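**Q** We have chain A; now place chain B onto it with these hints.
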Amino acid sequence: MASAQRPLSPHLQIYKPQLTSVLSIAHRMTGVILSGGAVALVFWLLALASGPNAFELAQAIAGSWFGYLCLFVWSFCLFYHLANGIRHMVWDMGYGFEIPQVYVSGWIVVGASVALTILAWIVGLYGLGR
Amino acid sequence: MGMRTAIGRVRGLGSAKTGAEHWWMQRVTSVALIPLTLWFTASLVSLAGADFETAYLWVASPAGAVPMILLLVAGLWHGKLGLQVVIEDYIHAEGLKVALLMLLTLATVALGAAGVFAVSKISFGE
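Chains as they are written, first to last, in the working numbering: chain A, 1 to 130; chain B, 131 to 256.
Bound-form chain A, shown alone:
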């Protein structure tokens, strides 16, 4: 491309990160990561359909430190993408565009996704007497 060497706008390298821009790109990044989670879900279902041996292997991978890390990241990404997706729907309906409102809704999304992730893991790990 002839334009490959031309400077991009906005100049991200000198741009101060703001809640608005960080949450915007985070929505895209969490979406990409969740697509990886969808692939893992399909493989988990295939393992379950294949029988106990394949399922044991899938559970062993999911139960390893790497599996837990992936599940933790995926759970946060899901809650974040869900909460920020609802924020986008409110915008689609034409509400919440004033700058103070954008910041309030942004912090609500951050708080909700952190809280839901912690809640899900506490209930998952300790809530059912396991």
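These aren't lab readings, by the way, just hints derived from the structure by calculation.
Here the structure is a predicted model, which means the values were calculated and not measured.
Be aware that a few hints might be false.
[What the hints assert, rightly or not] 20 Å max Cα-Cα, derived SDA-like pairs, lysine to any residue:
id, chain 1, residue 1, chain 2, residue 2
1, B, K251, A, A40
2, B, K251, A, Y95
3, B, K227, B, Q214
4, B, K227, B, V215
5, B, K227, B, A237
6, B, K251, A, W107
7, B, K251, B, G194
8, B, K251, A, L46
9, B, K251, B, I199
10, B, K251, B, H152
11, B, K251, A, N53
12, B, K227, B, V239
13, B, K251, B, V239
14, B, K251, B, A185
15, B, K227, B, A243
16, B, K251, B, T184
17, B, K251, A, K16
18, B, K227, A, E56
19, B, K251, B, S191
20, B, K227, B, H152
21, B, K251, A, H27
22, B, K251, A, V39
23, B, K251, B, P197
24, B, K251, A, V102
25, A, K16, A, V102
26, B, K251, A, W44
27, B, K251, A, F43
28, B, K227, B, F247
29, B, K251, A, F55
30, B, K227, A, V32
31, A, K16, A, H27
32, A, K16, A, W107
33, B, K227, B, V216
34, B, K251, B, D181
**A** Relative to chain A, chain B alone:
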């Protein structure tokens, strides 16, 4: 229509083309995914540490199989629409872009078929 040149119409560039359809289906699938992802996470949390039998019976039951298929279809469709825009935004080499978009569509359909097959096999038995 009236403002566009003949060559512009021939090239087919410059209009929204199927942009509205893309935008709308992204919204439709996201609305579907609100209850489906909440159901999914609640199910996984309650299934944490479950053995084969428990997980199998959960997916086999109508209350597990039907939402799981809906989650697969809505989730993969939604993800396809999102990743398509990511590719269109960041991949500027035309050949690679077209190849990745095609791969994305094929992979989405393949994953959907595999997932629905797995749930069906579990639900209907061997």
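**Q** Evaluate each hint against the coordinates.
**A** Each hint tested on the structure:
Between the alpha carbons of K251 of chain B and A40 of chain A the distance comes to roughly 18 Å, so the proposed pair stays at or under 20 Å and holds. Between K251 of chain B and Y95 of chain A, the direct Cα distance comes to roughly 45 Å. Violation of the 20 Å bound is thereby established for this hinted pair. For the hint linking K227 of chain B to Q214 of chain B, the alpha-carbon distance of about 10 Å falls within 20 Å, and the restraint holds. This hinted pair checks out: K227 of chain B and V215 of chain B have alpha carbons roughly 11 Å apart, not beyond 20 Å.
With a CA separation close to 15 Å, the supplied pair K227 of chain B and A237 of chain B stays within the 20 Å bound. About 44 Å separates the Cα atoms of K251 of chain B and W107 of chain A, which puts this hinted pair outside 20 Å; it is violated. Distance check on the hinted pair: K251 of chain B and G194 of chain B sit about 13 Å apart at the alpha-carbon level, within 20 Å; holds. Only pairs whose Cα atoms come within 20 Å are accepted, and K251 of chain B paired with L46 of chain A is accepted, the gap being roughly 9 Å.
A hinted pair counts as satisfied when its Cα atoms are at most 20 Å apart, and K251 of chain B with I199 of chain B qualifies at roughly 12 Å. About 32 Å separates the Cα atoms of K251 of chain B and H152 of chain B, which puts this hinted pair outside 20 Å; it is violated. Of the pairs offered as hints, the one joining K251 of chain B and N53 of chain A holds, with about 16 Å between alpha carbons and a cut-off of 20 Å not exceeded. Using a Cα cut-off of 20 Å, the hinted pair K227 of chain B and V239 of chain B holds, with the two alpha carbons roughly 19 Å apart.
For the hint linking K251 of chain B to V239 of chain B, the alpha-carbon distance of about 18 Å falls within 20 Å, and the restraint holds. In summary, the hint linking K251 of chain B to A185 of chain B is supported, as the alpha carbons are separated by about 14 Å, within the 20 Å threshold. Our distance criterion of 20 Å between C-alpha atoms is broken by K227 of chain B and A243 of chain B, whose separation comes to about 24 Å. For a cut-off of 20 Å, the pair hint linking K251 of chain B to T184 of chain B stands: about 16 Å separates their Cα positions.
At most 20 Å may separate the alpha-carbon atoms for a hinted pair to count; K251 of chain B and K16 of chain A exceed this at roughly 52 Å. For the suggested pair K227 of chain B and E56 of chain A, the alpha carbons sit about 39 Å apart, so the restraint of at most 20 Å is broken. Between the alpha carbons of K251 of chain B and S191 of chain B the distance comes to roughly 12 Å, so the proposed pair stays at or under 20 Å and holds. Our distance criterion of 20 Å between C-alpha atoms is met by K227 of chain B and H152 of chain B, whose separation comes to about 18 Å.
Restraint check for K251 of chain B and H27 of chain A: the C-alpha separation of about 35 Å exceeds 20 Å, so the hint is violated. For the suggested pair K251 of chain B and V39 of chain A, the alpha carbons sit about 18 Å apart, so the restraint of at most 20 Å is met. Using a Cα cut-off of 20 Å, the hinted pair K251 of chain B and P197 of chain B holds, with the two alpha carbons roughly 15 Å apart. Using a Cα cut-off of 20 Å, the hinted pair K251 of chain B and V102 of chain A is violated, with the two alpha carbons roughly 46 Å apart.
Proposed proximity of K16 of chain A and V102 of chain A is supported: the alpha carbons are some 17 Å apart, at most 20 Å. With a C-alpha separation of about 14 Å, the suggested pairing of K251 of chain B with W44 of chain A holds against the 20 Å cut-off. Restraint check for K251 of chain B and F43 of chain A: the C-alpha separation of about 14 Å stays at or below 20 Å, so the hint holds. Restraint check for K227 of chain B and F247 of chain B: not satisfied, since their Cα atoms lie roughly 30 Å apart, outside the 20 Å limit.
Taking the CA atoms of K251 of chain B and F55 of chain A, the gap is about 14 Å. The hint holds against a cut of 20 Å. Straight-line distance between C-alpha atoms of K227 of chain B and V32 of chain A comes to about 17 Å, which keeps the hinted pair within the 20 Å bound. Distance restraint check for K16 of chain A and H27 of chain A: the Cα-Cα separation of roughly 18 Å lies within the 20 Å cut-off, and the hinted pair is therefore satisfied. The straight-line distance between the Cα atoms of K16 of chain A and W107 of chain A is roughly 18 Å, inside the 20 Å bound, and the hint therefore holds.
Proposed proximity of K227 of chain B and V216 of chain B is supported: the alpha carbons are some 10 Å apart, at most 20 Å. For the given pair, K251 of chain B sits about 18 Å from D181 of chain B by alpha-carbon distance, which is consistent with the 20 Å threshold.
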